[in-house]
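A.B. asks: Going down the list, the sequences are from chains A and B. If you want this note's numbering, it's the 1-based position in the first sequence plus 12. If you want this note's numbering, it's the 1-based position in the second sequence plus 6.
Treat the hints with caution; some may be incorrect.
Covered stretches of chain B (in silico footprint by chain A; criterion: 3 or more residues with CB under 8 Å from a CB of chain A, positions within the stretch not fixed) [what the hints assert, rightly or not]:
no. : segment
1   : 22-35
2   : 155-161
3   : 278-289
4   : 294-303
Simulated from the structure, these hints should not be mistaken for lab results. Cβ atoms here follow ideal geometry from the backbone N, Cα and C, with glycine treated the same way.
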Amino acid sequence: MRQILTLALVFSTIRLATPLVLAALGGLYSERSGVINIALEGLLLAGAFTAASVTYYAHSPWVGLGAAMIAGALVAYILALACIRFRADQVVTGTGINILFIGLPAVLSGALFLSSGSTPQIPKENLLPTLSGLLPGFMPHWRILTEVSVMSLLALILVLFTRYVLYRTPFGLRLRAVGENPEAADAAGVGVNRIRYVGVVLSGALAGIGGAYLSIGQSSLFTRNMAAGRGFIALAALIFGKWRPVQTMLACLLFGFADALTIQLQGVPVSTVFLRIAIAVLIFLVIWFIAHQLSFLNRSRIIELVSAAVVSVIMWRVVYAVTRGTQNVEIPVQFIQMIPYVVTIVVLAGFIGQSRAPRALGTPYQKER
Amino acid sequence: MKLLREILFPLLAVLAAFIIGGIVVLLIGDSPIQTYRLLIGSAFSWPDGIGYTLFYATPLIFTGLAVAVAFRCGLLNIGAEGQLYMGAFAAAWIGIKFAGMSGWVLLPACCLAAIAAGAIWGGIPGVLKARFGSHEVINTIMLNFVAIALVSYFTQYHYKTPGDPILETTPIGPGAHIARLGKFIPGLPERIPLNFAFILAIIACVFVYVLLWKTKWGYEIRATGANPTAAEYGGISIRKQIILAMAISGGLAGMVGINEVLGYRYRYYDGFSANYGFVGIAVALLGRNHPVGVFLAAILFAILLRGGIFVDAYTIHVSKDIVDMLQGIVIILVALRPDAIFGSLKKFSKAKA
Numbered sequence: 013m014r015q016i017l018t019l020a021l022v023f024s025t026i027r028l029a030t031p032l033v034l035a036a037l038g039g040l041y042s043e044r045s046g047v048i049n050i051a052l053e054g055l056l057l058a059g060a061f062t063a064a065s066v067t068y069y070a071h072s073p074w075v076g077l078g079a080a081m082i083a084g085a086l087v088a089y090i091l092a093l094a095c096i097r098f099r100a101d102q103v104v105t106g107t108g109i110n111i112l113f114i115g116l117p118a119v120l121s122g123a124l125f126l127s128s129g130s131t132p133q134i135p136k137e138n139l140l141p142t143l144s145g146l147l148p149g150f151m152p153h154w155r156i157l158t159e160v161s162v163m164s165l166l167a168l169i170l171v172l173f174t175r176y177v178l179y180r181t182p183f184g185l186r187l188r189a190v191g192e193n194p195e196a197a198d199a200a201g202v203g204v205n206r207i208r209y210v211g212v213v214l215s216g217a218l219a220g221i222g223g224a225y226l227s228i229g230q231s232s233l234f235t236r237n238m239a240a241g242r243g244f245i246a247l248a249a250l251i252f253g254k255w256r257p258v259q260t261m262l263a264c265l266l267f268g269f270a271d272a273l274t275i276q277l278q279g280v281p282v283s284t285v286f287l288r289i290a291i292a293v294l295i296f297l298v299i300w301f302i303a304h305q306l307s308f309l310n311r312s313r314i315i316e317l318v319s320a321a322v323v324s325v326i327m328w329r330v331v332y333a334v335t336r337g338t339q340n341v342e343i344p345v346q347f348i349q350m351i352p353y354v355v356t357i358v359v360l361a362g363f364i365g366q367s368r369a370p371r372a373l374g375t376p377y378q379k380e381r
Numbered sequence: 007m008k009l010l011r012e013i014l015f016p017l018l019a020v021l022a023a024f025i026i027g028g029i030v031v032l033l034i035g036d037s038p039i040q041t042y043r044l045l046i047g048s049a050f051s052w053p054d055g056i057g058y059t060l061f062y063a064t065p066l067i068f069t070g071l072a073v074a075v076a077f078r079c080g081l082l083n084i085g086a087e088g089q090l091y092m093g094a095f096a097a098a099w100i101g102i103k104f105a106g107m108s109g110w111v112l113l114p115a116c117c118l119a120a121i122a123a124g125a126i127w128g129g130i131p132g133v134l135k136a137r138f139g140s141h142e143v144i145n146t147i148m149l150n151f152v153a154i155a156l157v158s159y160f161t162q163y164h165y166k167t168p169g170d171p172i173l174e175t176t177p178i179g180p181g182a183h184i185a186r187l188g189k190f191i192p193g194l195p196e197r198i199p200l201n202f203a204f205i206l207a208i209i210a211c212v213f214v215y216v217l218l219w220k221t222k223w224g225y226e227i228r229a230t231g232a233n234p235t236a237a238e239y240g241g242i243s244i245r246k247q248i249i250l251a252m253a254i255s256g257g258l259a260g261m262v263g264i265n266e267v268l269g270y271r272y273r274y275y276d277g278f279s280a281n282y283g284f285v286g287i288a289v290a291l292l293g294r295n296h297p298v299g300v301f302l303a304a305i306l307f308a309i310l311l312r313g314g315i316f317v318d319a320y321t322i323h324v325s326k327d328i329v330d331m332l333q334g335i336v337i338i339l340v341a342l343r344p345d346a347i348f349g350s351l352k353k354f355s356k357a358k359a
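With the rest of the complex left out, here is chain A (with noise of 0.2 Å):
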């Protein structure tokens, strides 16, 4: 155990959990304001690509991560265009815009560089840096933390931005407002559609940040669909967090730890204490629930827990009994991968807290005649 809970898998969660934060923040913006975006896969891929090309031929970070954002807002406008002014279903036009990315950035990558879909590699100078490498001598003394890629600080910076504007500025205000009950924001007279557009494109533009440090901050070139189900991710976590910028933040690190955990657990046995107290924990989680959905238990909390609690021991004396002996496993690491997968959907079947959409997410608004 202890060669796998180091500083290293800390450093490795903030890492990969950088773009799902930026992807999630970008999500919020447009599905606060009543508008799915399943497209954040496609905006990823959008932003790495531009960022990587752009900086190929620039020569700078920062020209290619503006470029990133410039071209995430630009395919979210198409998003927004096609989803207000023609209200077509948002999940189809966002799944359109994912398989649209999946073959736009192969096609010109195929003509500017001649390559099966991926784009030149980009020499380190030219990547986004990290804390130390931007100001060299700051904080000599604390490597350990300057080690962190300005877009890690970038993400929490924007986090809390987020909720900034979100609870405490009108805009926020408007937003929110747009994504519950356009008719009384409409009322009201906020322009629902305005706001709408506004939070798409905003949504674009951090996920084409996102994209950006895939391909020039994480790795250092961009490859056929190089965001590997990352907007999903983004979108779970979304929905885990509540639509709220912090908690979302927070579930972008569990999965990111997740992700780690994958890379660092593959071929490593790991300790049968462990996986037992981690098999407990879970059936009593599963009995719980089930205790939860029947009738007659769920009249008071105490009596549920107390009969799930003696259920999950019985259970538990059964799978300690069939696993006496063994001393090391391996985990496969296909089970660390879907813990994102599960944990969203008993999230959204309203267990570990109810986690209820903005009222009005999904619905086009036509103003009444």
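Model the placement of chain B on the given structure of chain A, informed by the hints.
C.D. replies: The following block gives chain B in isolation, referenced to the frame of chain A:
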């Protein structure tokens, strides 16, 4: 008028997508005419062109029908990708476990396993929606990833030939092989993997038509999709319809495994699907969620898939990725509401006048 619109609008969307794609090709520096000639023309040669096109169309017909059935119930099944993986693995699993059995028993068992596994995987989000009201779109997306991880685990840890560098299972028993159509059609060589699953796909089209428009079940599914409140008032159990529609949808998606495992590779191959589940959404939308439309749309996309290989080989700059690009554009354009487009056109011309 209604029929004309149903046909005209998808055609316009495809045409518009081709024009946008043509502009991209032109900007890249290739000839759009030559690209499209390769992209579409390659499909019409006998036997290779037509044989491969129909083979590529088979999974798209299944996933297109899957999305269409769910759509008729007012549900969006983004999870066909996961359901088809579960179906394919289940078919291979039965084929490996009972490899020695006679084909008369094994083949139907494998087919039923594919359908059942898909139906269960599709039914889960149905139950979650009916019981807890959680949105089927998110749940099906999440279940896609769970399914892919799950079958990858079973393949890697339990059913792989030791030492095989490729992530694939051991071969299925010969009894479970589906005959290729080349055996029966003169002039069609057997190396072309077009098989009886294509006939099954046509039967599935007929089945979906009869189910949706000629039976009480189908009527209830469509009523739920058209207006859930009215359907409930009319005595239809919406919850039951949601679960039923998702299970049927998943079962249809699972049938992709019949074509892939039993008719083509004769084993489960990890990550075989070329986004069939997602392209199924485009197929269903373009086909206006009607079996005939789904069939035609699947053929169209199959033509593009086939042509993409030739575009890759014979043009200078354009790669086969242009097919993904065109699919994405078609999905976005088909999703637009015609009345909203005409509305803004009117506004535009008024503003000009």
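A.B. asks: Confirm or reject the coverage of the segment 294-303 of chain B by chain A under the rule of 3 or more residues with a beta carbon closer than 8 Å to the chain's beta carbons.
C.D. replies: It is violated, with 0 qualifying residues against the three required.
A.B. asks: Using a Cβ cutoff of 8 Å, are there at least 3 residues of the segment 155-161 of chain B near chain A, or does the coverage claim fail?
C.D. replies: Coverage by chain A holds here, the residue count being 4 at a Cβ distance below 8 Å.
A.B. asks: Test coverage of the segment 22-35 of chain B by chain A using CB-CB distances below 8 Å; three residues minimum.
C.D. replies: holds (count 3)
A.B. asks: The segment 278-289 of chain B covered by chain A? Criterion: 3 or more residues, Cβ-Cβ distance below 8 Å.
C.D. replies: Our answer is that it holds, as 5 residues pass the Cβ test (under 8 Å) against chain A, meeting three.
The structure is inconsistent with hint 4 alone, although it conforms to all the rest.
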